[in-house]
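Residue numbers (this note's numbering), protein chains in the order written: chain A, 1 to 82; chain B, 1 to 126; chain C, 1 to 164; chain D, 1 to 234; chain E, 1 to 118.
Simulated from the structure, these hints should not be mistaken for lab results. The beta carbon of each residue, even a glycine, is placed where N, CA and C say it ideally should be. Be aware that a few hints might be false.
Claimed, not checked - Quick list of simulated restraints, FRET-style, between CB atoms:
#, chain 1, residue 1, chain 2, residue 2, range
1, B, I11, A, R77, 22 to 32 Å
2, B, L14, C, A63, 27 to 37 Å
3, B, T4, C, L18, 49 to 59 Å
4, D, L147, C, S30, 29 to 39 Å
5, C, V34, B, L25, 29 to 39 Å
6, A, R77, B, S17, 18 to 28 Å
7, B, L71, D, D63, 16 to 26 Å
8, B, S24, D, L175, 31 to 41 Å
9, B, F21, D, F184, 35 to 45 Å
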Amino acid sequence: MILNITAVFLCIAILVMAVIAVIHKKLVIAIIASGVVSLFASIIFLLLAAPDVAMTEAAIGSGLTTIIFFYVLNKIRKESNG
Amino acid sequence: MDGTLQIIGAIITLIGSIFLFLGSLGLIRMPDSYNRIQAGTKASTLGTILTLLGIALINPDWSGKLILLILFVLLTNPISSNVLARAAHFINIPLYKKTVIDKLKKEETIKVDVSDKKINNKTDKQ
Amino acid sequence: MKIKNHIILFLVLLAVWLLLNSSFEIHILSVGVVVSLIITLVFCRNCNVFSEIKLTPKAFFYAIIYVFVFSGALIKSNFDVARRVVTPSLPINPGIVTVKTKLKSKIGRLMLANSITLTPGTLTIDIKDDIMYIHWIDVLSTNIDEDTHQIVSRFEKYLEVIYG
Amino acid sequence: MVRKFLIFILIASFSVIFINLYQNFKGQDKLNDLSTYYAENEPQELGAQNLVTSIVVTYRGFDTLGEVTILFLAASIIGFFLKIKESDKQKKRDLRKTSEILETASKILVPLIFLLGVYVFANGHLTPGGGFQGGAIMASGMVLLLLANPEKNVKHSLFSGIESISGFTYVILGLLGIYFAYGFLDNRVLPLGQFGNIFSAGLIPLIYTFIGLKVGSELTNIVGNLKETQKETE
Amino acid sequence: MEYISLITGFIMLMIGLWGILSQKNIIKIIIGFTIFDTAINIIIISIGYISGRTAPILDKAVPVKDAVTKIVDPIPQALVLTSIVISLGVTALMLAYALKLHKYKNTLEINKFKDLKW
Numbered sequence: 001m002i003l004n005i006t007a008v009f010l011c012i013a014i015l016v017m018a019v020i021a022v023i024h025k026k027l028v029i030a031i032i033a034s035g036v037v038s039l040f041a042s043i044i045f046l047l048l049a050a051p052d053v054a055m056t057e058a059a060i061g062s063g064l065t066t067i068i069f070f071y072v073l074n075k076i077r078k079e080s081n082g
Numbered sequence: 001m002d003g004t005l006q007i008i009g010a011i012i013t014l015i016g017s018i019f020l021f022l023g024s025l026g027l028i029r030m031p032d033s034y035n036r037i038q039a040g041t042k043a044s045t046l047g048t049i050l051t052l053l054g055i056a057l058i059n060p061d062w063s064g065k066l067i068l069l070i071l072f073v074l075l076t077n078p079i080s081s082n083v084l085a086r087a088a089h090f091i092n093i094p095l096y097k098k099t100v101i102d103k104l105k106k107e108e109t110i111k112v113d114v115s116d117k118k119i120n121n122k123t124d125k126q
Numbered sequence: 001m002k003i004k005n006h007i008i009l010f011l012v013l014l015a016v017w018l019l020l021n022s023s024f025e026i027h028i029l030s031v032g033v034v035v036s037l038i039i040t041l042v043f044c045r046n047c048n049v050f051s052e053i054k055l056t057p058k059a060f061f062y063a064i065i066y067v068f069v070f071s072g073a074l075i076k077s078n079f080d081v082a083r084r085v086v087t088p089s090l091p092i093n094p095g096i097v098t099v100k101t102k103l104k105s106k107i108g109r110l111m112l113a114n115s116i117t118l119t120p121g122t123l124t125i126d127i128k129d130d131i132m133y134i135h136w137i138d139v140l141s142t143n144i145d146e147d148t149h150q151i152v153s154r155f156e157k158y159l160e161v162i163y164g
Numbered sequence: 001m002v003r004k005f006l007i008f009i010l011i012a013s014f015s016v017i018f019i020n021l022y023q024n025f026k027g028q029d030k031l032n033d034l035s036t037y038y039a040e041n042e043p044q045e046l047g048a049q050n051l052v053t054s055i056v057v058t059y060r061g062f063d064t065l066g067e068v069t070i071l072f073l074a075a076s077i078i079g080f081f082l083k084i085k086e087s088d089k090q091k092k093r094d095l096r097k098t099s100e101i102l103e104t105a106s107k108i109l110v111p112l113i114f115l116l117g118v119y120v121f122a123n124g125h126l127t128p129g130g131g132f133q134g135g136a137i138m139a140s141g142m143v144l145l146l147l148a149n150p151e152k153n154v155k156h157s158l159f160s161g162i163e164s165i166s167g168f169t170y171v172i173l174g175l176l177g178i179y180f181a182y183g184f185l186d187n188r189v190l191p192l193g194q195f196g197n198i199f200s201a202g203l204i205p206l207i208y209t210f211i212g213l214k215v216g217s218e219l220t221n222i223v224g225n226l227k228e229t230q231k232e233t234e
Numbered sequence: 001m002e003y004i005s006l007i008t009g010f011i012m013l014m015i016g017l018w019g020i021l022s023q024k025n026i027i028k029i030i031i032g033f034t035i036f037d038t039a040i041n042i043i044i045i046s047i048g049y050i051s052g053r054t055a056p057i058l059d060k061a062v063p064v065k066d067a068v069t070k071i072v073d074p075i076p077q078a079l080v081l082t083s084i085v086i087s088l089g090v091t092a093l094m095l096a097y098a099l100k101l102h103k104y105k106n107t108l109e110i111n112k113f114k115d116l117k118w
């Protein structure tokens with residue numbers, strides 16, 4: 001029962017973050033929101049009895065993907081300014 | 001006997017989560033990013049440590065990994081907040097308007113002046 | 001001097017490995033020795049961080065005292081932050097001040113910066129040579145010597161003995 | 001306007017499909033036949049505690065081989081796309097110096113992070129974790145090293161070497177399975193050992209170690225490529 | 001539990017699809033793709049979930065004899081494990097393309113790329 005309530009809150013947070021990631025004008029905030037989506041999704045995976053997938057999602061989905069996005073964004077900004 | 005240990009663990013976990021809640025309240029109430037980093041770092045460090053200690057009391061089999069986690073949090077949390085604050089100061093995120101003094105700022109402005117001069121020299125040559 | 005680095009890093013890694021596995025069986029110990037040796041040899045070609053730790057009994061004794069001083073400061077800082085957050089008028093008086101440090105070793109300065117970040121109302125922003133720039137949530141004075149006395153000295157006297 | 005209308009119609013039709021799918025979803029109450037077979041026979045056949053690991057490495061080993069190949073292709077295409085000229089490589093960039101604190105901390109933290117990665121893939125057959133997770137953890141350790149020393153570059157030749165050697169060894173270990181056991185990527189080349197020990201489950205820990213090294217070096221190559229292209233413009 | 005996550009996955013999938021189709025910025029489209037990936041993973045995992053059971057690891061909590069009645073389906077988890085790693089490779093590939101496109105056109109607006117239109 002408590003798990004179900006937790007899952008409902010997490011799912012609402014995921015949906016709100018997904019909407020922010022899609023519609024927000026600032027790219028930085030959109031990228032961070034998509035990282036947060038991955039982080040919450042890894043908690044959902046843990047609640048669904050899949051610890052392997054949760055570890056992978058936390059390490060790759062919310063860690064490395066965000067870093068790669070920021071490297072590319074940094075590069076694009078430097079190109080447009082200089 | 002086991003029951004008392006678990007109740008103590010649950011109480012410690014609850015205290016830790018209260019500190020975490022106060023930290024997140026501080027994130028909302030503080031006026032500028034430096035003060036937010038201060039509130040966030042301290043409250044989240046002690047909150048995480050207390051939560052992990054509570055879990056270690058509830059589940060003594062995991063205590064080795066949890067002690068390791070506590071040491072790791074103690075080492076990495078201040079470093080990350082220091083890097084965040086330094087980057088924020090470098091890209092000129094403004095301080096709170098009631099700020100008394102900013103001794104780091106003076107040196108930075110001098111540096112910026114020098115680099116401006118360099119740029120001006122370059123443009124003159126061209 | 002260089003072999004001391006390798007030995008300390010190896011022992012730290014082995015201790016971490018045994019804590020992670022939380023058992024002392026011969027299989028786990030042997031795998032841990034091999035893995036720690038490889039990582040030590042790969043990463044410790046030019047690291048000079050660990051050679052500055054002093055391994056005397058006095059340093060060990062001071063380290064234990066330092067843990068207690070530090071835990072007290074950490075708990076005090078949390079109540080301080082909680083009080084400031086909960087008070088409706090938000091009693092803060094922030095500013096960036098400079099302090100001086102006597103420590104020379106890199107790891108000692110790292111631990112000093114970490115301790116300052118986790119104690120009441122202070123946050124290390126930058127460190128240049130022997131001057132540290134600190135964001136203070138409640139500035140009491142802007143004089144460098146007084147700030148040093150207020151913020152740094154209570155940790156420094158222990159860290160000076162431990163790390164030199 | 002027409003475009004928005006078309007998008008709306010597309011999403012509405014998708015939602016109709018999903019509503020149908022959701023209404024027909026009953027939720028499982030028991031394992032299907034294949035999973036039942038795995039759960040019953042895996043401990044005697046392969047001897048790994050973690051069923052997911054045994055499926056990834058042995059029962060579905062071909063999938064993993066193809067997946068690692070796809071990752072390798074992605075890494076090499078990125079390297080090909082973002083190749084920079086030799087003349088640009090020599091240019092000095094004027095970067096902000098990292099703080100002394102981060103530099104010191106990275107020297108302490110990076111070996112610990114690598115040890116954690118090794119722990120995750122060496123215990124892949126006992127606890128949650130495995131080659132992919134361990135490789136990702138090692139790649140994030142490399143990212144910390146890059147953040148602490150922004151002037152340094154990833155040594156691509158070194159990581160390509162590690163990657164190709166571990167990939168080659170992975171295939172060789174699979175071929176050993178044909179010769180000594182019953183098929184490609186069979187793990188019964190080595191004795192199965194005691195159930196739950198770190199030296200158990202035959203070849204699975206070895207294979208996962210090589211998958212971990214391969215994934216870690218590939219991800220490091222990708223991150224390094226995307227980082228180095230920042231040089232071109234200055 | 002599985003119903004909640006299943007419906008979250010469906011809604012998230014539609015959000016991602018809407019982002020892919022309606023956004024003009026290439027980086028935003030790639031963000032839509034990552035959300036799409038995560039949504040599909042959530043759906044697959046929640047189909048394999050059986051309520052009241054634990055993770056497919058046969059340690060002290062799950063003895064080998066009772067494994068069939070105590071664990072969830074391990075096959076979808078194994079598939080999703082590989083899918084996540086591939087999604088990182090694909091995302092990095094798309095970002096590399098975006099970098100290259102930005103270098104030639106100096107813009108990220110998808111409407112400006114009309115070279116293949118006639």
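Structure-based check of each hint:
{"no.": "1", "hint": "B:I11 to A:R77: 22 to 32 Å", "result": "49 Å, violated"}
{"no.": "2", "hint": "B:L14 to C:A63: 27 to 37 Å", "result": "31 Å, holds"}
{"no.": "3", "hint": "B:T4 to C:L18: 49 to 59 Å", "result": "30 Å, violated"}
{"no.": "4", "hint": "D:L147 to C:S30: 29 to 39 Å", "result": "34 Å, holds"}
{"no.": "5", "hint": "C:V34 to B:L25: 29 to 39 Å", "result": "48 Å, violated"}
{"no.": "6", "hint": "A:R77 to B:S17: 18 to 28 Å", "result": "39 Å, violated"}
{"no.": "7", "hint": "B:L71 to D:D63: 16 to 26 Å", "result": "38 Å, violated"}
{"no.": "8", "hint": "B:S24 to D:L175: 31 to 41 Å", "result": "55 Å, violated"}
{"no.": "9", "hint": "B:F21 to D:F184: 35 to 45 Å", "result": "54 Å, violated"}
The structure does not agree with the numbered hints 1, 3, 5, 6, 7, 8, 9 stated previously, though it agrees with the rest.
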